[in-house]
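Undergrad: So for the sequence shown, our numbering puts the first residue at 7; every next one is plus one.
Bear in mind the hints are in silico, worked out from the structure with no lab data behind them.
As the structure is a prediction and not an experimental result, all values here were calculated from the model.
Check the hints yourself; a few may be wrong.
Here are the in silico distance ranges between beta carbons for each label pair [stated by the list, open to error]:
{"no.": "1", "residue 1": "K16", "residue 2": "E41", "range": "35 to 41 angstroms"}
{"no.": "2", "residue 1": "R55", "residue 2": "K16", "range": "57 to 63 angstroms"}
{"no.": "3", "residue 1": "K16", "residue 2": "T48", "range": "45 to 51 angstroms"}
{"no.": "4", "residue 1": "R14", "residue 2": "R49", "range": "51 to 57 angstroms"}
{"no.": "5", "residue 1": "K56", "residue 2": "I17", "range": "35 to 41 angstroms"}
Backbone N, C-alpha and C fix where the C-beta goes; we use that ideal spot for every residue, glycine too.
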Amino acid sequence: MEKERLWRSKIFELGNSFNRLGSTMDLARKHDSTEWLMDKITRALDTQRKLF
C-alpha cells in the first residue's frame with residue numbers, strides 16, 4: 007500500500023513538473039510575440055515620423 011502511494015505521488019509530481027514546463031514555454035512564446043509586436047509598432051511609428 008505504501009509503495010503504491012509513493013508511486014502515485016511521484017506520478018503526480020511528474021505531472022506538475024510537466025505543467026510548469028508548459029506554462030514556462032507559453033510565457034516564452036508570449037514574450038517573443040510581444041517583442042515582435044513592439045518592434046513592428048516602433049518601425050511603423052518611425053516611418054510615420056519621417057513622413058511628417
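Undergrad: The structure should be examined with respect to each hint, and the outcome stated for every one.
TA: Hint check:
Between K16 and E41 the beta carbon distance is about 38 angstroms. The supplied range of 35 to 41 angstroms therefore holds. A hinted range of 57 to 63 angstroms for the beta carbons of R55 and K16 is consistent with their spacing of about 59 angstroms. Taking 45 to 51 angstroms as the suggested C-beta distance range, the pair K16 and T48 conforms, at roughly 48 angstroms. Checked against the given bound of 51 to 57 angstroms, the beta carbons of R14 and R49, roughly 53 angstroms apart, stay inside it.
At about 59 angstroms, the beta-carbon gap between K56 and I17 misses the expected band of 35 to 41 angstroms.
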